[in-house]
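Q: One-letter residues, chain by chain:
There are 2 protein chains.
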Amino acid sequence: MEEKTVEMITKLVMEAMNQKSTNEGFAVPVGVSARHIHLTKEDVETLFGKGYELTKKKELMGGQYAANELVTIVGIKLRAIENVRILGPVRKASQVEISATDSIKLGIKAPIRESGDIKGSAPIAVVGPKGVVYLQEGCIIAKRHIHMSPADAKEAGVNNGDTVSVQVENERGTTFNHVSIRVDESFTLEMHIDTDEANAAKIATGNIVRILK
Amino acid sequence: MEEKTVEMITKLVMEAMNQKSTNEGFAVPVGVSARHIHLTKEDVETLFGKGYELTKKKELMGGQYAANELVTIVGIKLRAIENVRILGPVRKASQVEISATDSIKLGIKAPIRESGDIKGSAPIAVVGPKGVVYLQEGCIIAKRHIHMSPADAKEAGVNNGDTVSVQVENERGTTFNHVSIRVDESFTLEMHIDTDEANAAKIATGNIVRILK
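Line by line, the protein sequences are chains A and E.
The letter at position 213 of the first sequence is residue 213 when you use our numbering, and the numbering goes up by one with no holes.
The letter at position 184 of the second sequence is residue 184 when you use our numbering, and the numbering goes up by one with no holes.
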């Protein structure tokens with residue numbers, strides 16, 4: 001077992017030496033997004049009752065929070081995923097963000113989209129304790145992206161809207177291509193990926209990835 | 001919407017032109033492995049009854065087959081995954097192959113290993129209609145690899161045991177590094193990945209990936 005471990009480490013080191021070194025690539029911490037839902041004020045009231053307001057469970061970045069409230073989502077083939085977390089505060093449009101694995105489980109065709117870009121995306125039913133909402137569109141698989149401040153962007157040598165490749169150096173070893181850069185004063189440096197991407201690359205929230213030059 | 005699509009396609013094409021062309025990389029079809037279990041003759045009898053033999057549902061590559069029989073697996077935190085397909089024929093050691101997503105769901109620490117390399121891997125309980133088996137070790141996450149014949153290996157310019165990177169050119173855009181090459185006369189050309197890897201890269205069985213030079 002130990003010999004095997006040494007052999008594997010040696011192999012990985014030799015591989016790393018043969019590759020171009022990426023230690024100088026700009027380092028970005030990972031933030032893994034589990035499936036979740038954003039709701040309008042109106043949809044919160046339909047699902048939880050007239051005048052109901054979401055309650056905070058945990059503060060997140062950018063003024064968002066994980067709510068205590070959960071819903072069940074049901075796709076057009078009537079398959080359900082229970083206990084989907086609501087993220088507050090309320091938004092102008094309700095939006096469900098799932099993984100590709102979830103979309104297969106639900107039997108729906110959710111497109112890969114940037115948050116907010118829901119036109120023509122998959123329909124989905126949302127069930128709460130006091131009512132149900134049928135979203136004609138709004139179910140997407142989030143497109144991976146990196147949030148950063150203008151200062152980070154300057155240091156990394158990238159601009160808002162750029163597309164980059166990001167290297168994960170670990171046992172599995174994965175490069176994510178077509179990663180969008182989003183720059184805003186309010187953004188904390190983080191690469192947002194979904195649970196499929198995290199599990200396929202064997203990375204978790206807080207792990208460091210590097211932008212390839 | 002249409003304008004947006006054209007814009008995206010243009011962006012992807014320009015990105016592709018900026019990258020080194022990989023159209024000349026050796027093409028390999030993908031085979032996605034869902035979670036499954038291999039059993040010893042003894043374990044089949046414990047789970048399904050004395051003298052029981054697995055029945056074929058579907059022929060697979062390399063003389064293997066998907067059996068009609070299913071089991072439930074339970075991790076040390078007593079969480080279960082139902083309807084896990086058995087692959088026949090029986091083997092010398094029982095082995096459960098799951099995804100990283102499954103290992104999180106089960107609450108177990110399954111290592112990433114090549115098939116057959118189960119020493120010190122995660123323990124797991126297997127439940128059948130007539131009995132149960134507790135595997136002290138045997139639960140792994142399969143390490144991604146490419147099966148090929150000696151002729152394919154020659155054409156691709158690789159050898160048994162080599163490690164390569166494999167490029168997926170599509171909407172998500174992913175490069176799988178640390179991919180093992182396994183060469184054998186009996187092997188049909190195919191890259192074996194698990195459901196996490198397939199869903200994260202948005203590829204399915206039969207899609208083509210390319211070995212990077």
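FYI, nobody ran anything at the bench for these hints, they're computed from the structure.
Glycine residues also receive a C-beta, built at the ideal position from the N, C-alpha and C atoms.
Don't take each hint at face value.
[To be verified] What the simulated footprint calls covered on chain E by chain A, stretch by stretch (three residues with Cβ under 8 Å from a Cβ of chain A suffice, anywhere in the stretch; the number is not a length):
1. 28–38
2. 41–48
3. 97–108
[Unchecked claim] Lysine to any residue pairs mimicking SDA-like chemistry, simulated, CA-CA at most 20 Å apart:
4. K143/A - N83/E
5. K105/A - S165/E
6. K105/A - K202/E
7. K202/E - T72/A
8. K202/A - K213/E
9. K143/E - I203/A
10. K105/E - N83/A
11. K143/A - K213/E
12. K213/A - K105/E
13. K105/A - Q167/E
14. K105/A - R79/E
15. K105/E - A204/A
16. K105/A - L212/E
17. K202/A - E82/E
18. K77/A - Y134/A
19. K213/E - K109/E
20. K109/E - T205/A
21. K143/A - K77/A
22. K213/A - V74/E
23. K105/E - T72/A
Q: Next, verify each hint and record whether it holds.
A: Cross-check of the supplied hints:
1. 28–38: violated (count 0)
2. 41–48: That given contact is violated, which follows from only 0 residues of the region 41–48 of chain E lying within Cβ reach (below 8 Å) of chain A.
3. 97–108: holds (count 4)
4. K143/A - N83/E: violated (31 Å)
5. K105/A - S165/E: violated (29 Å)
6. K105/A - K202/E: Measuring from Cα to Cα gives roughly 14 Å; hence the hint holds.
7. K202/E - T72/A: violated (25 Å)
8. K202/A - K213/E: violated (25 Å)
9. K143/E - I203/A: Judged against 20 Å, a Cα distance of about 15 Å means the pair holds.
10. K105/E - N83/A: Satisfied, since the Cα-Cα distance of roughly 14 Å is no more than 20 Å.
11. K143/A - K213/E: violated (28 Å)
12. K213/A - K105/E: It is violated: about 36 Å lies between the C-alpha atoms, which goes past 20 Å.
13. K105/A - Q167/E: violated (26 Å)
14. K105/A - R79/E: Since the Cα atoms of K105/A and R79/E sit roughly 19 Å apart, the hinted pair holds (cutoff 20 Å).
15. K105/E - A204/A: Measuring from Cα to Cα gives roughly 15 Å; hence the hint holds.
16. K105/A - L212/E: violated (32 Å)
17. K202/A - E82/E: violated (24 Å)
18. K77/A - Y134/A: Measuring from Cα to Cα gives roughly 14 Å; hence the hint holds.
19. K213/E - K109/E: Answer violated: K213/E to K109/E is near 34 Å, above 20 Å.
20. K109/E - T205/A: holds (17 Å)
21. K143/A - K77/A: violated (24 Å)
22. K213/A - V74/E: Roughly 44 Å between the alpha carbons, so the hint for K213/A and V74/E is violated.
23. K105/E - T72/A: Cα-Cα ~18 Å, so holds.
In this structure, the earlier hints numbered 1, 2, 4, 5, 7, 8, 11, 12, 13, 16, 17, 19, 21 and 22 are contradicted, and the remaining ones agree with it.
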